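Can you join these two chains into the complex? Each is in its own frame, and there are hints to help.
For the protein sequence lines, the chains are A and B, in the order given.
Just so we're aligned, residue 529 is where the first sequence starts under the numbering used here, counting upward by one.
Just so we're aligned, residue 143 is where the second sequence starts under the numbering used here, counting upward by one.
Think of the hints as simulated: they come from the structure by calculation, not from any bench.
Each hint should be verified, as a subset may be incorrect.
Stated by the list, open to error - Short, incomplete list of chain B residues facing chain A, as computed with Cβ under 7 Å:
| id | residue |
| --- | --- |
| 1 | Leu198 |
| 2 | Pro201 |
| 3 | Val248 |
| 4 | Ser317 |
| 5 | Pro447 |
Unchecked claim - Covered, in the sense of this in silico footprint (three residues per stretch, anywhere, with C-beta under 8 Å from a C-beta of chain B), are these stretches of chain A:
| id | stretch |
| --- | --- |
| 6 | 639-648 |
| 7 | 659-668 |
Please read these numbers as outputs of a predicted model, since none were measured by experiment.
Every residue gets a Cβ at the ideal spot worked out from N, C-alpha and C, and that includes glycine.
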Amino acid sequence: MLHARREQETENRRPGAVPGRAVLVVAGLVLLAACGNGRASLPEGVAVAATDSAVSVTDDAGREIRLAHPARRIVSLVPSATETLFALGAGDRVVGRTDYDQGPEVETIPSVGGGLDPSLEALLALRPELVVGWEEGKDPALRQRLAEQGIAVFAVAIRDTADVFRNVERLGALVGRGTAADSLNRAIRSGLAEVRASVAGRERPSVFYVVWNDPPMTAGPETFIAQLIGVAGGRTVFPDVKQDWPTVALEEIVRRQPDIVVVPVGEMRAHSAARLREAAGWRSLRAVRDGRVVEVPTDLMNRPGPHLAEAARAMRDVLHPEIAAGGR
Amino acid sequence: MNPSGALLRLSALAVVLVAALLLSVGLGAVPLGAGEVLRAARGAGDPTTVAIVQGLRLPRALQAALVAAALAASGATFQALLRNPLAEPYILGVSGGAAVGAVLAVVFGWAQRAPWAIPAAAFAGALFAIVLVLRIAASVGRALDTRVLLLAGVVVGAFFSACILLVLTFADVESFRSAIFWLMGSLSGASGRGVGVLAADLLPGIAVLLALARPLNLLAVGEDTAAHLGIRVERVKLLAFGVASLLAAAAVAASGVIGFVGLIVPHVIRLLWGSNHRFLLPAAVLLGAAFLTLADTLARIAAAPTELPVGVVTAFVGVPFFVWLLRRSVV
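Isolated chain B (complex conformation) (with noise of 0.2 Å):
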């Protein structure tokens, strides 16, 4: 693909992630026009409206970008490093330690303290889970082993869901009901404040993997290729780990497990537009973001006013698509 070319479908895909964010505003349980929308985002008009536009709709509609775009360059970044396509944000224990943090903080009351101790403690617990993974993998040979890396994650993951089961079956009602709803993932959660932080988080470790899209090309074909072409295998393979993790912790902390987006975005750009990744990763960024926002929406007003979990509404739009294009692009 030659760069204007790249460019020309970059700005396609800004284009739709701009189109989505507005569509995801503009619509939801409570019926708006599209004047009272615009009023309401003006801090104008009825304050309820503003209320629901501004504080409501507006927060989670660019929390769903943002989330998406962490779990897509994440994921993106990890299929390379892994070079498995199963390869996902999650893959090195990151939700199951989330899980655990956020299921502790529940059970021990310091959500009902503070608002902030259940993303508090899951990123914690998500930042206990990679630390595990990569001393595990550490341990085992000099160099960071990938397969070793994929089990240590794989077993790792399986330990902190017995966790959970565990700590679940001693709990009240009302905490298991919680840890479940955190575990399907939402958005329902986003407020001004919060995505602000978010952003503050995602977006520098969002620009680092789109930094080292050339790295990621050279070790995708083999880390020995990677090596005599000048690359510092080691020391690369680590930032990319880390900073995909520390993504993939933070938005599991905003919004909870959300799948499939940071696991088939990437695959998709992958089969329409081919693997170079220093096109790959920032496709998958705005795709992922578009494709979060869009999901959520329909989640909004599919059932409204009950909500739908959004992990249900991305693998039914995205399963019958995603195996469209898998059965184009073999055949």
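Here chain A stands alone, though its shape is the one from the complex (with noise of 0.2 Å):
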């Protein structure tokens, strides 16, 4: 129970999450854009159909989603979609959520509850054109049912930051909004390259980022989360794991003596860094002795979608305090 929870709550994906079929439709047009058809600059998996308005998208369960018109009426399960569909400006076009959505903006959309096991009759409700949904893996039980219902799904699976920028580039096509969508990307982009300007040259801290307490689950190499820590001028002390959230043994992160615990804390109080200290196991690691757990926001880094910048930022000014301080 707690791990199905923790899933909803972090947006985290395992390796395989992408199914070869997508794999092979993301390298026929990658092929055809080799051959010079002229869709050379279209993103991977993205094509415009005949007509200006009608859309078709390939999603990562590798299917493709095709609409007459760009989706005016949106049910949203995926956090990170619902704040990329508000950044490109088609915010009002979201017309339903979870109960993981959360500020100002979100909260007199309704919810349909939870991501994974939303109420389905509260989602039909709303009659949506487009369900932006989890990639379910193996078990696709959730997009099998709303296809009964004649509801198309778009499936997300987000492992690394490249996915993001995928994703908010077929999702500004799914609401006719690309050009929106080009400019978020390249101010996401730019905002993750001043993030690694300011560290440049600086000394990079090994890093152990706790997704989970007990067991100790961090984020593999090939994940969004260390690419951040990359980015923010640190290095994940897992660089070798092959696994993208990895449950690794306490001893071993004691082997390895990191320079900083990074603890996200949110609502969520297993995570909070205070225990972390006093855990016995975890006195052990000279980070924990010396006071180098830092906290970074929970929601900021398990959605990962339009902030992600602001998230490097946040990861930055933790590794790197005298930054923020504004020293050198």
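Here is the structure:
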């Protein structure tokens, strides 16, 4: 249960979330582009259909989503996608959200429950033209249920920062705001570049990022979290793990002695840094004993979307507090 | 209890069940007026409302009733056969076997290809568990010893639990989540076609158990007594075990592991009205169906649009009531 809950609250994904078919489709499109059919500038997985207003996008389950016109009524089950839609100026088309979406702009939008187990009737009653949902992997029960009702589902899997940019592009295409998507991506990229430049030439501390404390779980090197740590002038202390969200033995963390322990802090008390500092096993870490346990806001870290650069900045500020303080 | 009194009580329970079904179709996360619901049930009016009432609420209410009816009949039968108050539908390792089947269907990606892969694999897993338990029990002695059967069920169940934990340790996050949701039990997967298949599977099985009421009465007293009174004990036992397990297997394949109904509902009837199986079995079927239908309705509306796990509601509502009943009848 804890695991299920945790996966709802974080937007964490493991490898294999994008099935082979999606990879094939993308590879096919890349090949087409390489053949010089004039579509080389289009983002992967996005194709513009014959008429101006019709849209066709390939989602992370490898399925093609075709809409006769840009979506006007959207239920978003993915908090970062909700944020992206708002950032693209299409917030007024979001007619449904999950319990996990927060903030003043979504407060008035009705919720359909959880993102993975929404109330189907609440969802149907909102009459969406498009549902943005999680890529469900090997058990696509929700997508099948919604397909029975004739509702298109755009399935999203977010693993690394490239996925974030891809999602912005595809969501932009689905709501007919390609230009806004391009400029949003440019803004995110330049924000990341700014953070990267600010830490250039500085020492890169090794970081243990606490996805979960018991059993200890961290972010693998291919995830957006590890990439954000890199942008923010740190390096993950587990660059060699294969999984994206691996469980690691506490003694292995102790052996590697990370310079800094980063704890996402939000509503979930189990994550609280204070408790970690008291925990018996964690006291074996020099970083914990010497007070190098730092906090980042969970909500910002777990929503890989338009606020990606802000997340990088928050990470930089805890890894290199001297920059945050304005000193050198 | 005289026959007319029993009939009166069964009719009252049937009325409660019908009321529960109507309530379940009438209430949900989306507030709909009674007139709207009635129109939608006839297929008229707003298409979204029709989809909600006909496509979601009605199949779900019927599935709750069917699954609970099967679990209650199965539980009552196991309690009689094993002469053990803790007996319940999953006692012969059915839930463990079904869970292994469901988890494998997810992990190996069968569920991706066909929506019915999970129920099919769960049913196959449950059958495998039943056969395994019966064979273990049969290999110990010539006659089916209920104590051996109980122990075989417990150890096979424990073994399957370990298998699930092993598979889930190496499973990806999505598979893990699917498996946990499945293990929690849910009626949210109900569809019109699924309910039809379920009714065709479950109703004959329930009818067989109802027909076995008299031999079950005698077996509940003791196997020797039953044999003296002309019951072919081994045949009846095998038939009752087989059908009760199949019912549990089909129910668990459709809705995951929904606990409590199969264990407690037969006891409630026993505490209220005694343990004559001719009355106990049909009464447990009706009460179980009404109880789960109402519990699922509550699970859908209590924190709407967030759905509570139905097992939470059955336990939160059922346990206090049962404790009260237990104290009342013992004092």
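Structure-based check of each hint:
A hinted interface residue such as B:Leu198 counts as satisfied when its beta carbon comes closer than 7 Å to some beta carbon of chain A; here the least separation is about 5 Å, so the hint holds. Checking B:Pro201 against chain A by beta carbon gives a least distance of about 11 Å; that is not within 7 Å, so the hint is violated. Below 7 Å, beta-carbon pairs count as interface contacts, and B:Val248 has one with chain A at about 5 Å; its hint therefore holds. This hint holds: B:Ser317 has a C-beta 5 Å from the nearest C-beta of chain A, less than the 7 Å allowed.
For the restraint placing B:Pro447 at the interface with chain A, the shortest Cβ-Cβ distance is roughly 4 Å, inside the 7 Å limit, so the hint holds. Counting residues of the stretch 639-648 of chain A whose C-beta lies closer than 8 Å to any C-beta of chain B gives 9; at least three are required, and the coverage claim holds. Judged by the Cβ-Cβ criterion of 8 Å, the stretch 659-668 of chain A is covered by chain B as claimed, because 6 of its residues qualify and three suffice.
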